[in-house]
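J.: Read off the chains here:
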Amino acid sequence: MSDLTRMSAVELAGAIKNKQVSAVEVAQAHLDRISAVDERVHAFLHVDAEGALAAAARVDKGEITGPLAGVPVAVKDVIATKGVPTTAASKILEGWRPPYSATIYERLQAAGTVPLGKTNMDEFAMGSSTEYSAYGPTNNPWDLGRIPGGSGGGSAAALAAYEAPLAIGTDTGGSIRQPGAVTGTVGAKPTYGGTSRYGLIAFSSSLDTPGPCARNVEDAALLHSVIGGHDVRDSTSIPQPMPDVVAAARLGATGDLTGVKLGLVKEFAGDGSEPGVIAAFRESLEALVKLGAEVVEVSCPNFQYALPAYYLIAPSECSSNLARFDGVRYGLRVGDDGNRSLEEVMSLTRDAGFGAEVKRRIILGTYALSSGYYDAYYGQAQKVRTLITRDFEKAFEQVDVLVSPTTPFVAFPFGSRTSDPYQMYLADLFTIPTNLYGGPAISVPCGLSEGLPVGFQIMAPTMADDRMYRVGAALESAVGTFTPPAL
Amino acid sequence: MTTTALPTYEDAIARFEPVIGLETHVELGTQTKMFCGCRTEFGAEPNTQVCPVCLALPGALPVANRAGIEATIRIGLALNCDIATWCRMARKNYFYPDMPKNFQTSQYDEPLCAEGYVDVEYEGKPYRIGIERVHLEEDTGKSLHVGGATGRIQGATESLVDYNRAGIPLVEIVTKPVPGLGALAPEIAKAYVTELRDIIRSLGVSDVRMEQGSLRCDVNTSLNKPGEEWGTRTETKNVNSLRSVERAVRSEIIRQASLLDEGTRIIQETRHFHEDRGDTSPGRSKETATDYRYFPEPDLVPIAPDPAWVAELKAALPERPSSKRARLREDWGISEIDMQSVANAGAVELIEETIAAGASPAGARKWWMGELARRANETGIDLADIGATPLQVAELQKLVDAGKLNDKLARAVLEGVVAGEGDPAAVMAARGLEVVNDEGALTAAVDEAIAANPDIAAKIREGKVAAAGALVGAVMKTTRGQADAKTVRDLILARLS
Amino acid sequence: MAAISREEVAHLARLSRLAVTEQELDQFAGQLDVILQSVARVGEVAADDIPPTSHSVPLTNVYRDDVPQPSLTQDEALSGAPDAFDGRFRVPRILDEEA
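Residue numbers (full-length UniProt numbering), protein chains in the order written: chain X, 1 to 487; chain L, 1 to 497; chain D, 1 to 99.
Hints listed in this document are in silico derivations from the structure and should not be mistaken for laboratory results. Fair warning: this is a prediction, and the values are worked out from it, not measured in the lab. Don't take each hint at face value.
To be verified - Now the in silico label distances, taken between C-beta atoms and shown as ranges:
1. L:Thr290 x X:Val296: 45 to 53 Å
2. L:Gln154 x D:Asp86: 16 to 24 Å
3. X:Gly272 x D:Asp65: 46 to 54 Å
Ideal placement from N, C-alpha and C gives every residue a C-beta, glycine not left out.
Sequences are here, hints too, so could you generate the full structure?
T.: Next comes the structure, spelled out in structure tokens:
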């Protein structure tokens with residue numbers, strides 16, 4: 001057998017199914033890889049070796065079959081995993097072991113995947129670099145001095161470092177796609193409501209979307225099909241059956257995009273992308289045209305308001321969602337000396353337990369929801385959301401998907417954007433409109449700029465997740481995959 | 001605290017006009033909580049009816065209970081409200097340890113039901129109370145305050161929280177401000193809450209028991225001089241009985257009048273009613289109250305009741321308790337005051353069912369309002385849970401009517417029924433309580449009584465029939481009560497005529 | 001002119017139950033001012049007749065039946081508690097009418 005950690009999920013599943021290798025061997029190979037490199041990468045906050053080997057053993061006994069049986073998966077630490085530490089990379093949840101599991105985690109287990117552990121992220125998924133993790137940043141396997149993107153930098157880096165073939169991410173403003181782009185991996189944000197949020201520690205409830213991360217498009221589609229679909233425990237879960245994303249990925253991989261119309265968002269053209277990013281994106285676009293696709297320029301005039309609207313809606317919802325972290329039922333408690341009142345203890349706990357970015361957003365959201373400011377901020381942002389949705393709907397009358405670079409810049413060095421929070425927010429300039437609309441989008445590696453990966457974003461209409469997989473797989477067939485230098 | 005003597009109520013009401021408003025919370029009697037499948041049983045072990053959702057564990061999400069939505073709509077319909085065709089739940093954000101999410105899932109500017117009214121009657125006159133809104137929200141948990149005096153929050157050193165109640169559906173019913181009631185404001189307030197309680201009870205969506213907290217009432221009161229604008233209102237909480245509703249309004253009118261007399265401004269605040277003292281004390285001042293930062297709940301999708309469904313629910317509403325009472329009063333041939341006490345005792349349906357099972361109206365009412373109501377009062381158990389069913393009471397009355405039981409024996413049989421010894425016939429047999437109808441035995445007892453009381457017998461012979469009672473008593477004594485008094489009397493009179 | 005003052009930030013922090021330090025206050029006030037000036041751009045859009053979007057899925061009336069589901073055990077419920085006693089979550093004294 002070749003190096004098990006270099007194989008795709010599809011290859012691993014096939015090899016396990018055909019008994020060429022056992023699931024336990026596959027799990028062990030990845031655990032060994034984690035032991036070898038994670039000290040430098042720091043993709044994981046918690047490695048559950050025992051749980052992984054036990055899950056793998058069940059597959060080897062034939063107790064579970066399925067398209068991903070025996071394939072290891074890394075899970076972002078914002079997903080509740082029964083009995084396995086879940087912190088959302090925050091001090092406020094240090095040591096918490098949930099008494100229940102997220103729906104998508106149960107589906108991963110039911111499908112026979114082998115959860116390796118929990119991956120690093122920006123605290124409560126707020127950030128674009130993992131620099132806001134309370135447990136230290138994750139390092140980009142392409143250049144350990146650079147950020148792996150965020151918030152799901154741990155999941156993306158685990159893939160790029162060959163610590164896992166599959167990973168779970170969550171995308172509120174780009175937290176799956178932007179890390180995918182800067183690590184040369186694939187990250188897909190499903191249609192909002194297409195994957196269950198039950199057990200996903202909420203950041204911004206109306207935007208949060210769990211989704212698959214992988215090293216190739218077909219693997220991502222397979223993982224998507226395993227975790228997706230209706231969940232009665234999530235009121236915002238879509239009851240209609242989801243499109244066949246795996247078939248779409250396989251269709252795309254044949255390299256034929258005849259008749260597919262790609263929309264180029266006019267308003268994204270001038271927006272401060274690095275030249276290397278623009279170049280890689282342009283070349284990829286030409287490659288797609290060679291496969292038969294047609295490029296149409298579309299106008300989405302309200303996209304320019306997406307970032308401001310997002311930074312009102314997401315903090316507002318987060319200020320309410322994070323109120324439950326009060327040191328009463330779980331998590332950290334600070335300052336309970338027998339004299340202080342609950343109010344004082346709660347305030348000390350929250351100040352000590354939350355990092356600066358989380359606190360900034362809570363305060364910002366509290367402000368935006370205050371009476372007297374609500375209409376001008378939160379209310380107006382929700383109207384902008386309607387306008388952005390209309391822009392998407394209008395564009396999709398003309399084209400099948402919209403395309404753009406995933407992020408304006410390649411992986412940046414640590415510390416270069418932390419002093420000015422708004423500079424960090426710009427990393428999500430191209431990914432945020434989709435979250436406000438609720439549609440699916442995928443980032444697929446499309447080239448390198450100064451030796452660092454560039455991501456190509458494909459945005460599709462809601463419940464047309466299959467389209468992005470088709471175009472994504474076609475792009476992959478044209479430009480190939482990208483391998484980071486050896487660690 | 002002012003040392004000036006308080007004005008009398010009559011004094012106060014002579015100079016000021018009250019405006020009242022009531023906010024009532026009704027805990028619904030659903031099997032499960034509003035947003036999760038946890039049970040809602042009263043009195044369970046602490047924190048055993050909780051799950052990730054109602055404990056607000058990170059990641060958990062709410063799913064609305066259809067029964068809670070339906071009950072709210074039915075309450076709205078019963079209160080003559082318009083039912084929203086589309087509305088959303090909202091988050092009311094504030095920190096409190098009883099509230100696991102530190103926001104309450106409630107409704108803000110889009111209530112499920114709005115613009116209704118309730119007609120109440122007081123001393124034969126009708127009053128219409130406007131309903132502003134009826135909305136759905138969730139209850140909080142409960143704290144035990146430890147280390148202070150008598151479990152009060154003041155002075156406690158710590159608190160212990162139980163979340164079993166957290167997430168139980170609550171319906172909030174808010175009246176419009178009610179001006180123009182004058183001196184009757186306290187009585188009308190009480191009459192309104194009574195009517196509301198009866199309506200909701202008739203819907204079967206809540207047991208609406210104030211003493212258990214499934215019906216809670218906040219009373220808003222303000223005063224103004226005639227012809228002037230409405231005054232600043234206070235909100236009185238902790239009003240835990242119908243009588244307290246009346247007392248709370250009355251005491252607040254007196255207190256505010258006293259302050260206004262001194263030229264003191266009324267501050268908008270929450271006050272707490274004290275059952276023992278009959279007055280209120282200040283709580284949190286609303287002027288410094290927190291900003292609740294309401295926004296639409298993103299985790300729950302909008303509620304858009306199908307108009308056809310709403311029409312169905314409307315058509316299936318039970319008869320309004322007040323009109324039902326009027327109808328039954330007529331059927332039973334009793335006075336308004338008697339009907340009122342039947343209603344207050346919670347006996348309307350019980351008597352109705354007893355009659356349906358074959359008892360006469362007078363007979364049915366006699367047992368439920370007499371022996372059984374007395375027991376209910378003494379034990380504090382609801383009449384409906386007292387241990388006797390309408391069917392059993394009807395059977396008891398039939399036995400009396402058939403002459404198999406006399407009043408005294410019937411009481412003893414009922415005691416056995418309540419004690420769980422079985423149906424009346426069974427209790428009668430087991431306890432050997434049947435009326436003695438053996439003519440021979442009775443005649444012997446009568447003769448014995450006549451012989452033992454020659455003076456009385458002589459009086460009866462002279463035509464003083466009323467004296468027969470003493471002989472009846474003597475016979476009843478020798479037969480240990482198991483004779484029918486009327487039969488005995490007839491026998492005595494026949495012997496002595 | 002600053003969009004938000006240091007005092008306002010202090011008030012918001014209190015409302016959010018964050019015992020921020022003086023240093024944090026200084027830092028946040030400046031940063032939030034920059035962010036607010038940027039996000040205030042949403043006001044440029046004339047949207048008087050535009051309905052707000054609160055949910056991005058077109059779903060209504062999602063309910064469950066009133067059927068009990070298993071709860072956690074008391075031990076599970078209290079398993080993460082910083083402090084518990086006698087089946088309940090223990091908290092420091094609550095200021096009267098704290099809200």
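J.: Each hint should be assessed against the structure and marked as holding or not.
T.: Consistency of the hints with the structure:
Taken as a hint, the range 45 to 53 Å holds for the pair Thr290 of chain L and Val296 of chain X, whose Cβ atoms sit roughly 52 Å apart. For Gln154 of chain L and Asp86 of chain D, the Cβ-Cβ distance of about 22 Å falls inside the hinted range of 16 to 24 Å, so the restraint holds. As the Cβ distance of Gly272 of chain X to Asp65 of chain D is approximately 53 Å, the hint placing it in 46 to 54 Å holds.
Every hint from the earlier list agrees with this structure, and none is contradicted.
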